[in-house]
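Chains as they are written, first to last, in this note's numbering: chain A, 804 to 1128; chain B, 804 to 1128.
Hints in this document: simulated from the structure, not taken from any laboratory.
One thing to keep in mind: the hints can contain errors.
Any copy, or any two copies together, can satisfy a pair, since identical chains are not distinguished.
Claimed, not checked - Cross-link-like lysine to any residue pairs, in silico, SDA-like; alpha carbons within 20 Å at most:
(1) 1063 <-> 1053
(2) 1063 <-> 1008
(3) 1063 <-> 1086
(4) 940 <-> 1018
(5) 1128 <-> 862
(6) 936 <-> 1012
(7) 863 <-> 824
(8) 936 <-> 869
(9) 1012 <-> 1108
(10) 849 <-> 941
(11) 1063 <-> 853
(12) 940 <-> 848
(13) 849 <-> 940
(14) 1128 <-> 859
(15) 1014 <-> 821
Note that the coordinates shown come from a computational prediction; the quantities given were computed from them, not determined experimentally.
Protein chains: 2
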Amino acid sequence: MRIDGLQYANWSEKIFRQLREGGVDAIHVTISYHENFRETVLNFEKWNRWFETYPDLIMKGQWASDIDTARETGRTAVFFGFQNPSPIEDDIGLVEILHTLGARFMQLTYNNQSLLATGCYEAEDMGITRMGKQVIKEMNRVGLVIDMSHSADRSTIEAAELSERPIAITHANPHDWSPALRNKKDAVIRAVTGNGGMFGFSIYPHHLKGKSDCTLESFCEMIARTADSYGIEHLGIGTDLCQDQPDSIVEWMRVGRWTKEIDYGEGSKSAPGFPAMPSWFKDNRHFGNIEAGLKATGMSADEVAGIMGGNWYRFFGENFGPQIK
Amino acid sequence: MRIDGLQYANWSEKIFRQLREGGVDAIHVTISYHENFRETVLNFEKWNRWFETYPDLIMKGQWASDIDTARETGRTAVFFGFQNPSPIEDDIGLVEILHTLGARFMQLTYNNQSLLATGCYEAEDMGITRMGKQVIKEMNRVGLVIDMSHSADRSTIEAAELSERPIAITHANPHDWSPALRNKKDAVIRAVTGNGGMFGFSIYPHHLKGKSDCTLESFCEMIARTADSYGIEHLGIGTDLCQDQPDSIVEWMRVGRWTKEIDYGEGSKSAPGFPAMPSWFKDNRHFGNIEAGLKATGMSADEVAGIMGGNWYRFFGENFGPQIK
């Protein structure tokens, strides 16, 4: 079973076919960065059209059992998420509405301060806000998973503690291995995995040691060491693959509508666009490389299967439905 | 089994308890008249709160099987609908979005011309519009039932013919019995029931012979005669109960935001408010009176059971899911 914990591709029939070639049973896709509620609904509509147009390649994913259906019918189940809480605007009632529409992950912040928490690019981290505490309870209640990939450290640790259900960092790597701002320090990973949460390893070059030149061996050895530290059952893949996106999209991700100036985020003035993916993971057809790389570290077949998808599958099964108290 | 094909009450714990006292297993409730998409979402949110607050009395209804669950657990399943297509605005993609949120009925018009069809108060009836034809196909595809209760005759007959699935008139009576503008002529009822559709009998006094003074005997005899003409399996109840609503609400229903002048609709300047309900049906505790009245006409127990809920149950089961071609 192969499950990718985060992608934001420029979707097309070509990519849907590559998902099938790569044996990808399920993906969590970002459908909103800075979109408000109505704009997010338009993005759900866009996916409804794709599901109608390509019924043999993809299907809507709502529950872990949809992954079983996808496997039985040779399709990829697509699960939805937001990298910012902008789709709920200032309305806690939209948490359940968006879950009903199919949202299964929501980041409490995207780099900046939000109404709920502090993003990883702010100078100060005030932790979870008043509204944030209410929204965490509501996300717990309905089964919308809290994702802290782009949040600041204190906010992330507080979210893990406040949440009555496991949370996730869908796409990042350990800061020890590659000290990027977006990579996560030991205390953060420990807080998330300690509450039963998941950590998805990113292949976005800015998160890799050596960036685009990072070797498969280095990436897989890092995963093996992370498993030793935090427990292999909490680990999965979250490639952050942004295939076929024009550079205008990475600018939208960073700048949205919140500034009139350019913000380069993880890039720089001399390299503002999307970085080149490493040679061993250019697109969805290359999941086999990661699987082989993990085997080469000496992991058992079961351990590799867990990281490639089994752990996400269990996590989806436990966390997408209503909270049982 | 007791199912009401339309209500628009001023919902409260009192009314939810009366639904239980009246043994009502399911109701179709109107949640939008003139509301746009975002306002309609707020109405879904309001119901989510009620489901959370009164889990022992009511539950969200999406499929006929939810009525079985409601009966097993002593609750009322609440199904949602709109009396106007305003929630989809000019965006056909919202048909599926709103179905996903739980909408199961949508009128193509409410008295006036809409983007889709002509309402029963217009002087001219142009039939189904260009967008209307597209929306009928989309409603058929996803399982959102076309309701023509407030539409003009030609538009209704065309909708019945264009639709590949049965349609409904959820709340009206035969024009032959009581010649109100909103009651339906023979050709209209024949078109709807002839395509497998449902006709729900209204107890809104403006639709009754003798209005608030209409007798239970007259109402039930009329149902028996309608069954003889069109087939009993196509008939149900759609009380149009607007319990506990202030008169400002009937003004909103009639006037919305489309005029600055008062429109009295079925009322009049001297009687602009909600009319008094007949003595034998004041609220949801009185469904037993209708059941007794139907038995008194000489109908068999099976026939009465069909009208009281069995026919809606079958119709819900066949028409709320995706179209099978």
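Structure-based check of each hint:
1. For a Cα distance limit of 20 Å, the shortest separation of residue 1063 from residue 1053 inside one copy, 15 Å, qualifies, whereas the shortest one across copies, 48 Å, does not.
2. In the homo-oligomer, the alpha carbons of residue 1063 and residue 1008 never lie at most 20 Å apart, since the shortest distance is 27 Å inside one protomer and 60 Å across protomers.
3. Proximity of residue 1063 to residue 1086 under the C-alpha cut-off of 20 Å is found in neither arrangement, the shortest distances being 33 Å within a copy and 59 Å between copies.
4. Proximity of residue 940 and residue 1018 under a CA criterion of 20 Å is satisfied in neither setting, with 41 Å inside one chain copy and 52 Å between copies.
5. For a Cα distance limit of 20 Å, the shortest separation of residue 1128 from residue 862 across copies, 19 Å, qualifies, whereas the shortest one inside one copy, 31 Å, does not.
6. Taking identical chains as interchangeable, the C-alpha atoms of residue 936 and residue 1012 are never at most 20 Å apart, the minima being 35 Å within one chain and 57 Å between chains.
7. Proximity of residue 863 to residue 824 under the C-alpha cut-off of 20 Å is restricted to the intra-copy arrangement: shortest distance 19 Å within a copy versus 40 Å between copies.
8. Taking the closest pair of Cα atoms, residue 936 and residue 869 never come within 20 Å of each other, the shortest separation being 31 Å inside a single copy and 33 Å across copies.
9. Taking CA atoms no more than 20 Å apart as the test, residue 1012 paired with residue 1108 passes in neither setting, with 24 Å inside one copy and 71 Å between copies.
10. For a Cα distance limit of 20 Å, the shortest separation of residue 849 from residue 941 across copies, 15 Å, qualifies, whereas the shortest one inside one copy, 27 Å, does not.
11. In the homo-oligomer, the alpha carbons of residue 1063 and residue 853 never lie at most 20 Å apart, since the shortest distance is 33 Å inside one protomer and 43 Å across protomers.
12. Proximity of residue 940 and residue 848 under a CA criterion of 20 Å is satisfied inter-copy only: 16 Å between copies versus 28 Å inside one chain copy.
13. Taking identical chains as interchangeable, the C-alpha atoms of residue 849 and residue 940 lie at most 20 Å apart only when they sit on different chains, with a minimum of 18 Å there against 30 Å within one chain.
14. Taking CA atoms no more than 20 Å apart as the test, residue 1128 paired with residue 859 passes between copies only; the shortest distance there is 16 Å, against 38 Å inside one copy.
15. In this assembly of identical chains, residue 1014 and residue 821 lie within 20 Å of each other by CA distance neither inside one copy nor across copies; the values are 24 Å within and 66 Å between.
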